[in-house]
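Q: Protein chains in written order, with the numbering used here: chain W, 1 to 176; chain E, 1 to 266.
Each hint should be verified, as a subset may be incorrect.
Claimed, not checked - Taking lysine-lysine pairs in the DSSO-like style, the calculated list, with each CA pair at most 27 Å apart, reads:
id : chain 1 : residue 1 : chain 2 : residue 2
1  : E       : K39       : W       : K16
2  : E       : K179      : W       : K65
3  : W       : K128      : E       : K69
4  : W       : K65       : E       : K40
5  : E       : K59       : W       : K20
6  : W       : K20       : E       : K69
7  : E       : K39       : W       : K160
8  : W       : K121      : E       : K30
9  : E       : K59       : W       : K122
10 : E       : K11       : W       : K130
11 : W       : K13       : E       : K69
12 : E       : K11       : W       : K160
13 : W       : K172      : E       : K226
14 : E       : K59       : W       : K16
15 : E       : K30       : W       : K65
16 : W       : K160      : E       : K30
17 : E       : K69       : W       : K53
18 : W       : K122      : E       : K40
19 : W       : K20       : E       : K39
20 : E       : K40       : W       : K172
21 : E       : K69       : W       : K38
22 : W       : K60       : E       : K11
23 : E       : K39       : W       : K172
24 : E       : K40       : W       : K160
25 : E       : K188      : E       : K226
26 : W       : K38       : E       : K59
27 : E       : K59       : W       : K53
28 : W       : K65       : W       : K160
29 : W       : K60       : E       : K39
30 : W       : K146      : E       : K11
31 : W       : K128      : W       : K38
32 : W       : K60       : E       : K40
Simulated from the structure, these hints should not be mistaken for lab results.
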Amino acid sequence: MQLETLVIQFQNKDPKAFEKLYDMYSENICGVINTIVKNSDISQEICQDVFVKIWNNADKYNASKGRFFTWILNIARNAAIDEVRSKAHKNSKQNLSTDYFVSILEDNNNLDDKMDAIGVKKFLLNLKDKCVQIIEMLYFKGYTQKEVSEELNIPLGTIKTRNRSCITQLRKNVLG
Amino acid sequence: MNIEEYIASGKLELYVAGLLSNEENLQIHKDAEQYPEIKKEIEAIEAAVRELSRSASPKLDNNMFTAIKRRLNLLDNPKVVQLPKQKTSWATYTGWAAAVVLSAGLLWMYNQNKDLESKIEVVSQEKVDLESKIDNANNSLLETQDLLNTIRDKNIAVVALGGQTVSPESYAKAYWNKKEQKVFIDAKGLPEPPDGFVYQVWSLKLNPLTPTSLGLLEDFKGDENKIFALANANNSEAFGITLEPAGGSESPTLEQLYTLGVAASS
Chain W
1 MQLETLVIQF
11 QNKDPKAFEK
21 LYDMYSENIC
31 GVINTIVKNS
41 DISQEICQDV
51 FVKIWNNADK
61 YNASKGRFFT
71 WILNIARNAA
81 IDEVRSKAHK
91 NSKQNLSTDY
101 FVSILEDNNN
111 LDDKMDAIGV
121 KKFLLNLKDK
131 CVQIIEMLYF
141 KGYTQKEVSE
151 ELNIPLGTIK
161 TRNRSCITQL
171 RKNVLG
Chain E
1 MNIEEYIASG
11 KLELYVAGLL
21 SNEENLQIHK
31 DAEQYPEIKK
41 EIEAIEAAVR
51 ELSRSASPKL
61 DNNMFTAIKR
71 RLNLLDNPKV
81 VQLPKQKTSW
91 ATYTGWAAAV
101 VLSAGLLWMY
111 NQNKDLESKI
121 EVVSQEKVDL
131 ESKIDNANNS
141 LLETQDLLNT
151 IRDKNIAVVA
161 LGGQTVSPES
171 YAKAYWNKKE
181 QKVFIDAKGL
191 PEPPDGFVYQ
201 VWSLKLNPLT
211 PTSLGLLEDF
221 KGDENKIFAL
231 ANANNSEAFG
241 ITLEPAGGSE
251 SPTLEQLYTL
261 GVAASS
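Chain W on its own, in the form it takes in the complex (with noise of 0.2 Å):
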């Protein structure tokens, strides 16, 4: 079935259309989520709210303004760093560490054991750091090409390309 049928179906409160959504998107969901607060088991919890949240909602989605994963992504990366600041500690992006993809490289000893990290690994392989800390703070982490300018000290005209070299290692690597 088209994705944007499946949608829309969901837009009219099918919850078969629902759940068929939920297969699809889980795990994504709930892997950008583990990102920034790096538990599993807030992750999950965090993860059924964003899914109520997307049901309650889901008449505010416009396909005309953004892909549906693009949308939902959306709400559970701002779901999860709530849930971050609410217990924390600083009040500012720069504090959500952006580490969570070159620590799985480096150094496994503060993630979950639950996660693939060999996965990971596979799908990071020949990325060169600077590459996975963009993609995690533009994809996983919700910063603008400004911040990631400012915090990795990259001029911020060339954001858009490298990102665009990153994302497509990226993809030879999930292919692969």
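Since the structure of chain W is already known, use the hints to place chain E on it.
A: Only chain E this time, still in chain W's reference frame:
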């Protein structure tokens, strides 16, 4: 439009990240619908990001979606199934409640009915008792009237019997119907005889003193009006009442003469 340049610009990657403006998003959405290569490229970028995010996911609890549905009241299509269920259970509860109330009501009414029946029984018994009392009173009235008529008879001679030495307070009256040869003794003025004794009434001739027994005042205690009818065929000159041992005596015990009265000579 140069599709390759468009794709190589890197804005499709930013589109998937959600980092473009509304105008840019709208434009790319239109372009993607128009050019399949663009749509394909977007889907490929999205797929790669999704794979990476999937690799960061913890092992998900199998019941998670059920938990989500529970939170959203989506389990077992509650609108279709639970509503009639609730209806049934509502009706069932109401039914049982009604049955309990009805049973309690019936039991209460049964008890009330029993109670009333027993009250009616008591009242009917009382009615019977009252009727019987009225009957007795009527009889008593008749008897009294009868008695009154008897002593008012023109043939009656009244003889007052005065108390004697042994019992000066005692008195009695004799109503003597010579024609019918009957005498009625009103013994209300006599004390109750002691156990084993009985009053005996005597007709007396005075010269010489000759007593003739007229009879005993039997069941003195039980007789309410203390009026006793005795036969008297004698040409009596006086009447006396003595206390005698039960069964009476042949001749009067004069020491125990309670009352005595002389009849007017006829």
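Q: Each of the hints needs a verdict: does it hold here or not?
A: Taking the hints in turn, this is what the structure says about them:
{"no.": "1", "hint": "E:K39 with W:K16", "verdict": "26 Å, holds"}
{"no.": "2", "hint": "E:K179 with W:K65", "verdict": "145 Å, violated"}
{"no.": "3", "hint": "W:K128 with E:K69", "verdict": "42 Å, violated"}
{"no.": "4", "hint": "W:K65 with E:K40", "verdict": "18 Å, holds"}
{"no.": "5", "hint": "E:K59 with W:K20", "verdict": "18 Å, holds"}
{"no.": "6", "hint": "W:K20 with E:K69", "verdict": "13 Å, holds"}
{"no.": "7", "hint": "E:K39 with W:K160", "verdict": "19 Å, holds"}
{"no.": "8", "hint": "W:K121 with E:K30", "verdict": "36 Å, violated"}
{"no.": "9", "hint": "E:K59 with W:K122", "verdict": "18 Å, holds"}
{"no.": "10", "hint": "E:K11 with W:K130", "verdict": "19 Å, holds"}
{"no.": "11", "hint": "W:K13 with E:K69", "verdict": "12 Å, holds"}
{"no.": "12", "hint": "E:K11 with W:K160", "verdict": "7 Å, holds"}
{"no.": "13", "hint": "W:K172 with E:K226", "verdict": "142 Å, violated"}
{"no.": "14", "hint": "E:K59 with W:K16", "verdict": "23 Å, holds"}
{"no.": "15", "hint": "E:K30 with W:K65", "verdict": "10 Å, holds"}
{"no.": "16", "hint": "W:K160 with E:K30", "verdict": "21 Å, holds"}
{"no.": "17", "hint": "E:K69 with W:K53", "verdict": "12 Å, holds"}
{"no.": "18", "hint": "W:K122 with E:K40", "verdict": "24 Å, holds"}
{"no.": "19", "hint": "W:K20 with E:K39", "verdict": "22 Å, holds"}
{"no.": "20", "hint": "E:K40 with W:K172", "verdict": "15 Å, holds"}
{"no.": "21", "hint": "E:K69 with W:K38", "verdict": "25 Å, holds"}
{"no.": "22", "hint": "W:K60 with E:K11", "verdict": "24 Å, holds"}
{"no.": "23", "hint": "E:K39 with W:K172", "verdict": "18 Å, holds"}
{"no.": "24", "hint": "E:K40 with W:K160", "verdict": "19 Å, holds"}
{"no.": "25", "hint": "E:K188 with E:K226", "verdict": "5 Å, holds"}
{"no.": "26", "hint": "W:K38 with E:K59", "verdict": "13 Å, holds"}
{"no.": "27", "hint": "E:K59 with W:K53", "verdict": "21 Å, holds"}
{"no.": "28", "hint": "W:K65 with W:K160", "verdict": "20 Å, holds"}
{"no.": "29", "hint": "W:K60 with E:K39", "verdict": "23 Å, holds"}
{"no.": "30", "hint": "W:K146 with E:K11", "verdict": "15 Å, holds"}
{"no.": "31", "hint": "W:K128 with W:K38", "verdict": "22 Å, holds"}
{"no.": "32", "hint": "W:K60 with E:K40", "verdict": "25 Å, holds"}
Against the hints set out earlier in the document, violations occur for numbers 2, 3, 8, 13.
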